[in-house]
Amino acid sequence: EAQVTQNPRYLITVTGKKLTVTCSQNMNHEYMSWYRQDPGLGLRQIYYSMNVEVTDKGDVPEGYKVSRKEKRNFPLILESPSPNQTSLYFCASSLGLAGPVDEQYFGPGTRLTVT
Amino acid sequence: AQSVTQPDIHITVSEGASLELRCNYSYGATPYLFWYVQSPGQGLQLLLKYFSGDTLVQGIKGFEAEFKRSQSSFNLRKPSVHWSDAAEYFCAVGAGTNAGKSTFGDGTTLTVKP
Numbered sequence: 001e002a003q004v005t006q007n008p009r010y011l012i013t014v015t016g017k018k019l020t021v022t023c024s025q026n027m028n029h030e031y032m033s034w035y036r037q038d039p040g041l042g043l044r045q046i047y048y049s050m051n052v053e054v055t056d057k058g059d060v061p062e063g064y065k066v067s068r069k070e071k072r073n074f075p076l077i078l079e080s081p082s083p084n085q086t087s088l089y090f091c092a093s094s095l096g097l098a099g100p101v102d103e104q105y106f107g108p109g110t111r112l113t114v115t
Numbered sequence: 001a002q003s004v005t006q007p008d009i010h011i012t013v014s015e016g017a018s019l020e021l022r023c024n025y026s027y028g029a030t031p032y033l034f035w036y037v038q039s040p041g042q043g044l045q046l047l048l049k050y051f052s053g054d055t056l057v058q059g060i061k062g063f064e065a066e067f068k069r070s071q072s073s074f075n076l077r078k079p080s081v082h083w084s085d086a087a088e089y090f091c092a093v094g095a096g097t098n099a100g101k102s103t104f105g106d107g108t109t110l111t112v113k114p
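Each protein sequence line maps, in turn, to chains B and U.
Going by our numbering, the first sequence opens with residue 1, and the numbers climb by one from there.
Going by our numbering, the second sequence opens with residue 1, and the numbers climb by one from there.
Everything labelled a hint here was simulated from the structure, so no lab data went into it.
Predicted, not measured: the structure shown is a model, and the values here were computed from it.
Mixed in with the good hints there might be a few duds.
Taking beta-carbon pairs under 10 Å as the criterion, some of the chain U residues facing chain B (in silico) [said to hold, decoys possible]:
id, residue
1, Q6
2, P7
3, I9
4, V13
5, G16
6, Y25
7, Y36
8, Q38
9, G41
10, L46
11, G94
12, G105
13, T111
Quick reminder that beta carbons are idealized off the backbone N, C-alpha and C, glycines included.
In isolation and in its complexed conformation, chain B is listed as follows:
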């Protein structure tokens, strides 16, 4: 089944403890992206990747890192999480030789709480 998977689905952590949220897609998509969703703010793009080893900042990249060493994986790294990073995170991918002009396929989301 074609899908985007994220792990973990739920995570409660403490301020400053490094964490990684994994994202993997099995559709051989070029483009991948991370979003955070907060009430009343819609989805805001954190980082995106047009291809392996190519990443760029979205609208809210502060406090996050990403890497794209393989086409299928696009982990989101929080080196020193803070409470304002408590949010619902979505990974997405698209066929995207032209970037996100193609429709994006979303993962199920990761709910992160930082205390």
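Here the structure of chain B is known, so what remains is to put chain U in place on it, guided by the hints.
Relative to chain B, chain U alone:
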């Protein structure tokens, strides 16, 4: 910079009534426009998209949207709402010249009354 505005935060309609969700965009060139739906506790699913051509596009679940360049709008419609349509709806614009950037509206929550 590109932007998307969904003026209605929350809309309530009766089951069987018609629905229109508004979306206005700001973009320098021909936009690539999308509507996504998010059911409670779920990820986002594409309803429909507009790239070019016919300005009235059909999507899944009986939804349609009309692109109006003169009004910078891409409103979503459905002639008869079902209780299962209760969800949050997001309008989005995909980049062209800013290839890679994707901008979503703040979303409209739809409640369906029996």
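Now the hints, each set against the structure:
1. Q6: Holds, about 8 Å.
2. P7: 13 Å, violated
3. I9: 7 Å, holds
4. V13: At 21 Å from the nearest chain B Cβ, V13/U fails the 10 Å test, so the hint is violated.
5. G16: 29 Å, violated
6. Y25: 13 Å, violated
7. Y36: Check passed: Cβ of Y36/U comes within 8 Å of chain B, closer than 10 Å.
8. Q38: 9 Å, holds
9. G41: 8 Å, holds
10. L46: 5 Å, holds
11. G94: 4 Å, holds
12. G105: 6 Å, holds
13. T111: This interface hint is violated because 16 Å lies over the 10 Å limit.
Against the hints set out earlier in the document, violations occur for numbers 2, 4, 5, 6 and 13.
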